[in-house]
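Now for the letters of each chain:
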Amino acid sequence: MAPREQLKDDYSETRLIQRRLIVAAVIVLLMMSLVLGRLYVLQVVEHDHFSTLSNSNRVRIKALPPTRGLIYDRNGVVLADNLPAYRLEIIRERIDDLDATLQDLQQYVAISELAIKRFRQAAKRARPFESIPLLLNLSDDEVATLAVNLHKYKGVEINARLARHYPLGKHAVHALGYVGRIDERDLEKLDETRYAGTSHIGKLGLEKFYESDLHGEVGFQRVEVNAAGRTLRVLDERPPLAGHDLHLTIDSGLQQLAEDLFADERGSVVAIDPANGEVLALVSMPSFDPNLFVNGISIKDYGALRDSPSRPLFNRALTGQYPPGSTTKPFFGLAGLEYSVVGPKKSVYCGGYYLLPNEERRYRDWKKEGHGKMDLHDAIAQSCDVYFYDLSYAMGIDRMSEFMQQFGFGRLTGIDSTGEQSGLMPSREWKRRARGMPWFPGETLITGIGQGALLVTPLQLAVATAALAKQGDLYRPHLVKSINFAEDEMQLAIEPELTSQYQIKKKLNWDHVIKSMVSVVHGLRGTAYRIGVDAPYKIAGKTGTAQVFGIGQDEEYEEDKIAKQLRDHALFMGFAPADDPQIAVAVIVENGGSGSSTAAPIARKMMDAYLFSQGALAQEKS
Amino acid sequence: MSRVMENDSMQLSRRILDAFRLDPILILLLFLLSALGLMILFSASGSDTDLIMRQFTRLGIALLLMVAVANVSLRVLKKLSLAFYLAGVLLLVAVIGFGEIGKGAQRWLDLGFIRFQPSELMKLAMPMMLASYLSEKVLPVGWKDLFVSVLLVIVPVLLIAKQPDLGTALLVGSAGFFVLFLAGVRWKIIMILGLLVSLMAPLLWKFALHDYQRSRILTLLDPESDPLGAGYHIIQSKIAIGSGGVYGKGWLNGTQSQLDFLPERSTDFIFSVFGEEFGLFGSLLLVLLYLMIIYRGLYIAACASDNYGRLLAGALSLTFFVYLFVNTGMVAGLLPVVGVPLPLVSYGGTSMVTLMLGFGMIMTIRSSKRFLG
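Those protein sequence lines, which keep their order, are chains A and B.
Numbers 1 to 622, taken from the numbering used here, label the letters of the first sequence in order.
Numbers 1 to 373, taken from the numbering used here, label the letters of the second sequence in order.
Everything labelled a hint here was simulated from the structure, so no lab data went into it.
Honestly, I wouldn't trust all of these hints.
[Stated by the list, open to error] On the chain B side, residues computed to face chain A include the following (Cβ under 7 Å):
| id | residue |
| --- | --- |
| 1 | Val138 |
| 2 | Gly184 |
| 3 | Gly244 |
| 4 | Asp260 |
| 5 | Leu280 |
| 6 | Val287 |
| 7 | Leu298 |
| 8 | Gly314 |
| 9 | Leu318 |
| 10 | Phe321 |
| 11 | Phe325 |
Even for Gly, the Cβ is constructed at its ideal location relative to N, Cα and C.
Model the full assembly from the supplied sequences, consistent with the hints where possible.
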């Protein structure tokens, strides 16, 4: 050890350490270059990549739901709009003692256990700064009570959201349909981008059919959020475009009148402008309040509607299928003339029943003692069944079916709404296919008086009546007259669309049938004589009675003795004025007895109201 | 006239600095760095003035301590070396016995009036001890001295690593290594040591590292494997730096930092905030400032009056570099996440005091001269 210490050389040791310091300095520079090189890669080479990542960290896209388009009737009356619905909402992070606050709020407004449970579930999923609804649809009183007391509670607030509202309530619900909350089934079908932020969707009727027009275009807001997801500021936004407004062909006055005329009866009325297929009224009674469905109907309310024996949820106008009864007679009469099966002069003796060759069964006329000698005019005016048994037997089911289809029987009308049924126009082919059985001649007779397998919806009957009024021009019925585009104030008018056109072979044939229909209402022996007595204009119409309950061969139909639900359906179809048709109406009163006493008066009052409002009556009088 | 006055005031400040035995260049660089540090801390803390005031106070105390140390003579410092070292080792043992646990590691010793981290003391005691020991020996270091030195390094390093505090163990270990390196350990031996360490690496991996340390290393290799867990820090840090680009998003405008996406942004990850808000350009300037401090330290070491001063100043400057390298390497995703702060900038008092004490020693070394150049 000692000798080495002697070797200690200050100068060389200093040089050694200095050399090492220089080496260290170089290594320091090299290693820092490594870090700077890395920074260069991150900040220059991969800058775009990290910029994108940084933006996707901080920028969130928030959807701004559009305002749903409004619905007006043909005169500008609002049928569906959007009203603010008030909700009681709670922001968790601003509340110290949630339980105490919920307890306290009970003194101003009732909060059910269920509401609290739902609130807690939603609160679990939400971020602490988000506003979570506790109560939806506060009443005005509740809003008032809460508003004056809320200042005591931090983090409890009343917020308004636009919700669909139907000002006329239960009127016109079957024409409009309604919206409801988007559910699982809707989610499968809709474009989630377009519906980001939208909570409601058209569930039924027009609201569903015109969903794409009514909904509008979703808007977006790019917002900056922090790591906790809290929105800090709005970077930019594209405002939503409100949905298109619909102007309907419906006349809400006429619609409400019809509904009132029904009082407690069940049934349906459809009124159409024969010139273009515009639906003036589409009534199904009883009705219900669509506002119940907008924010989720309660189980109790829904149960009551669903289980009611009068079936208010059932849209009779579009989906109710009824035997048309004698309302088919003008059509079959015209068919007989057009196919030259009968002539206007040909008459049949009605003795109260009709017999097929080699058959014992009696096909009875509704008038037990018979009508006597009947030609086509009288057979329509007085609704003689025997004449039409004879006519149909001569014409045969094939030609009957072919003819009726041209007036829309057994065919979807193509109305711009949902759920429409096609009715049924029986034929030989249909029976083989559906029942696997041959056609029997007796069925031809039954079909000839609008019974048997023949079924129509009230809408179909109205459409057929309108086509008859227009000598065979059948327009697609439609509820929307025009679509208004909010963004550029453009209007798209829905053009009338001729879906089929029956070419009358001889106009005299048609004149003859219409004349008979006028006699139904205005003739002394017409079945709807009562409604024509004081009419200032001419109505062409036809009553009908549809059997609900089969009566045995030897039994009598005695209305008073039969339970109301088993009584016949009363029908009436017609148009007015007879020489210049402006309105065609089909009325069905379920279990209403005879068409002349219950159904026809409704049609008359509607025609009065509509023609008055159109100024047609004044012309007629002058 | 004004020029004369300017000269006079320069002279005056020069004389004051000299009176306090302070190096004007180093003091200027340290002030610049501290000011820059407070500025970026203001941004990183979300404009928290209370926090800035606390950091400012710490900085003031640390500077005062630096001035104090700068006025202790080098001879006294050298004589204290052994005592500091022994005290440090004893306290490290005490930590294992009675230390307080904070954040899952046993690092703190509660002396009643102050909570104290003995491993911090070791950052200074280690180079002092080794420099003092080797300055008495013939250089380059012989085998026997090398053996004793390695022993002197390994014992406290293992004690610190056991706490576990990998970052500090690394800093203390490298401080010891730098003294040895500067004392002229032969390149051959350095290579053999390096080889030995890399051979032992798999064993260290298996037996010496805690699970969280292993996962940090794995995370470095593939941060996307656990983007919301272990990888979150490093991913967000890279996004912050990368999105800063060349010129940065501007002071207080870093979205990653201001919107809370970047974790630990006031402490270990403050460099990411700098990179995001000032870009490559700013980072370059900051690194340059650091390098100037390091090179000033190395220069003072080269000019020191004796071997103790040379070895100590050199080792302290290089340890300062290790802080910088490990921290910036970590936030840039080059190195695994190790708890090493960005020196003099990261929020926190302990390392700041230690570092300033170190600079105080460097200044003592500078003033106890006969300068060579």
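Tested hints:
no., hint, result
1, Val138, "holds, 5 Å"
2, Gly184, "holds, 5 Å"
3, Gly244, "holds, 6 Å"
4, Asp260, "holds, 4 Å"
5, Leu280, "holds, 4 Å"
6, Val287, "holds, 6 Å"
7, Leu298, "holds, 5 Å"
8, Gly314, "holds, 5 Å"
9, Leu318, "holds, 6 Å"
10, Phe321, "holds, 5 Å"
11, Phe325, "holds, 5 Å"
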